[in-house]
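Residue numbers (my numbering), protein chains in the order written: chain A, 1 to 163; chain B, 164 to 591.
The reader is advised that the hints may include incorrect statements.
In silico lysine to any residue, SDA-like type, Cα no more than 20 Å apart, as pairs [to be verified]: (1) K349/B <-> S100/A; (2) K349/B <-> G89/A; (3) K349/B <-> D16/A; (4) K74/A <-> W37/A; (5) K140/A <-> A473/B; (6) K349/B <-> Y68/A; (7) K314/B <-> A17/A; (8) K489/B <-> G89/A; (9) K349/B <-> K140/A; (10) K140/A <-> S294/B; (11) K140/A <-> F570/B; (12) K349/B <-> I133/A; (13) K140/A <-> R329/B; (14) K74/A <-> E48/A; (15) K534/B <-> K489/B; (16) K433/B <-> N414/B; (17) K140/A <-> P357/B; (18) K355/B <-> T512/B; (19) K235/B <-> G223/B; (20) K349/B <-> I14/A; (21) K445/B <-> C583/B; (22) K12/A <-> S415/B; (23) K546/B <-> G531/B; (24) K283/B <-> A47/A; (25) K355/B <-> F486/B; (26) K283/B <-> E48/A; (27) K283/B <-> I14/A; (28) K12/A <-> V327/B; (29) K7/A <-> F63/A; (30) K489/B <-> K12/A; (31) K140/A <-> K74/A; (32) K283/B <-> K7/A; (33) K363/B <-> E18/A; (34) K314/B <-> W37/A; (35) K349/B <-> R92/A.
Hints were generated in silico from the structure; no laboratory data involved.
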Amino acid sequence: MLSEELKQELRKMIADAESSREKAVDVMLDIQEHHLWMSDEAMEEAAELLGMSPLELDELATFYDFIYRSPVGKYVIHVCDSAMCWLEGHQRVMDHISTSFNVPIGGTSPDGLFTLLPVCCIGYCDRAPAMVINRRVYGKLTPEKIDRILGRLARDNEFHPPE
Amino acid sequence: MAQPLVLFKNRHPNRVATLDEYRQSGGYAALERFIGGKIDPGEVVRLIDESGLRGRGGAGFPAGKKWEAVPKNAPFPRYLVANADEMEPGTFKDRILLHTDPHCVIEGMILAGYAFSATKGFFFIRPSYDSSAAIMERELEIARQSGFLGKSILGSGYSFDIVVHRSGGRYICGEATALLNAIMGKRPNPIKPPPYPTEKGLWDRPTVVNNVETLACVPHILRNGPQWFKDLSLTSKGAGTKLFCVSGKVNSPGAEELPMGTPLREIIEKHFGGMLPGSEFKACLPGGASTRFLTSEHYDVPMDFDDLKAIGNRLGTAAIMIFDQKTCLVATTHNLMKFFARESCGWCTPCREGLPYMRELLWLIENGEGKEEYIDTLRSMCKQVWNSYCALAPGAAEPVASLLEFFEDEVREHIRLKGCPFNAKAGN
């Protein structure tokens, strides 16, 4: 399922490392850039490139917050729910996104655009409440600001390379 | 006295300092003198040792001692790891430092590597700091092109290069031995020493793991001398400045560089705008989520390793999370336990099973289903989790133990009222 071009790119990245396994997370993050999530097929092909068994790679994939082993939307919204964001109303942020953009908490909107997940402290406590979308962080969230950010993502195809 | 700026002296609003700006402020002078001048690496270790620099990542281990722990006759290659995982709730100082003056961290890494003849450095960074990772990659290339990094640095014959390693994101990866497993592409469970990573770390080779802020202090100490560094501190046993990151119920949350040992009161009232209107200081966690609640009784404590230890607390990462009289500390502690229970790597039973149990008891108390005996059970659990494999669970128990020590009345009131007197919602 991975294109030859992507595989070449990943092989080169792996060749530069001390040991091939070292690049396991990078390889999965790169594949997700193209395919959004790590399907069983993607896991098998990635494991082969890394010289690991699919099970060994799954040990890592299931461990990390930002590797997805189930289908996700084009934009994965991780809302921080640790101390400072919790204190500043993370639940209101979750609820607002869920109702205004039709995203079930822990699920994906029917149009496949947004997935809504909680995440542990993302290190933006001075700008609580905060969220991270496809590795970009947004802080000091208000309903208006959320509407602006998600509204723009819904219109704009540039943020994420199209498949 | 004017605020002495060392790590933040090139701080600009919304902009990263360039290599030229860093050099104009004295940057890379230490590298030129020590590596360019082929000064014995032992001298670097000696000066850092003498400066009293202690690890800024939470444990406060003397930096020079850690480098010294690499045996002189240890095999090569040797590795240095800069820990930019920074997942302790409340902590964001390293992110601000990386967005302020990345070359200060890069020069620190090169000099630290030189100190124990490391051949390669890994810059380990969490995924939510992707913008910092991109800055580092860009600036590392600039350092390479300037001859500060790579083969035979400044013609000295010493070669050292740095790669950025992106994490997939888990709190435990900040623990040094788990971090090493993460870099090697293994499941990041901690490994109980001995052998210590300084003897057998990455691929069984000597490896030193240092926090980003610790490394950033190194070039400044080498350039200005250990006594200068000691004199920056307000306390006699302390050394240097410290990046304090303050969040919660203050007017101006953020990160500021202040002398080590600055009193908590001054930090809150003078440097972070004081408490919010209508808010009174109730308690804070002085060094991240795995430190103990500090009450108004110690509002004037000097924020330094030894002074906090003297009152039974820890400086940790100097991430001060501030709570006011309207904050329910049972709900807050439940939130902290939710974090720790979720982030447990699951390797050992006391942590994997103990933390969710404690979280559950706190949830019951917060939501009106608490019983008096839960208090004793929680106290006992705080001790039991010390049987776990690494420091995660004992750290997680700190806020719980201190909640019961200083705010037992508040906990009992929840039980008596069958609900939260603050009407806080603990969430699931």
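Against the structure, the hints come out as follows:
| no. | hint | in the structure |
| --- | --- | --- |
| 1 | K349/B <-> S100/A | 40 Å, violated |
| 2 | K349/B <-> G89/A | 36 Å, violated |
| 3 | K349/B <-> D16/A | 18 Å, holds |
| 4 | K74/A <-> W37/A | 10 Å, holds |
| 5 | K140/A <-> A473/B | 36 Å, violated |
| 6 | K349/B <-> Y68/A | 18 Å, holds |
| 7 | K314/B <-> A17/A | 17 Å, holds |
| 8 | K489/B <-> G89/A | 14 Å, holds |
| 9 | K349/B <-> K140/A | 36 Å, violated |
| 10 | K140/A <-> S294/B | 18 Å, holds |
| 11 | K140/A <-> F570/B | 30 Å, violated |
| 12 | K349/B <-> I133/A | 26 Å, violated |
| 13 | K140/A <-> R329/B | 26 Å, violated |
| 14 | K74/A <-> E48/A | 26 Å, violated |
| 15 | K534/B <-> K489/B | 24 Å, violated |
| 16 | K433/B <-> N414/B | 11 Å, holds |
| 17 | K140/A <-> P357/B | 44 Å, violated |
| 18 | K355/B <-> T512/B | 15 Å, holds |
| 19 | K235/B <-> G223/B | 24 Å, violated |
| 20 | K349/B <-> I14/A | 15 Å, holds |
| 21 | K445/B <-> C583/B | 17 Å, holds |
| 22 | K12/A <-> S415/B | 46 Å, violated |
| 23 | K546/B <-> G531/B | 25 Å, violated |
| 24 | K283/B <-> A47/A | 26 Å, violated |
| 25 | K355/B <-> F486/B | 35 Å, violated |
| 26 | K283/B <-> E48/A | 27 Å, violated |
| 27 | K283/B <-> I14/A | 17 Å, holds |
| 28 | K12/A <-> V327/B | 16 Å, holds |
| 29 | K7/A <-> F63/A | 24 Å, violated |
| 30 | K489/B <-> K12/A | 55 Å, violated |
| 31 | K140/A <-> K74/A | 23 Å, violated |
| 32 | K283/B <-> K7/A | 27 Å, violated |
| 33 | K363/B <-> E18/A | 16 Å, holds |
| 34 | K314/B <-> W37/A | 39 Å, violated |
| 35 | K349/B <-> R92/A | 37 Å, violated |
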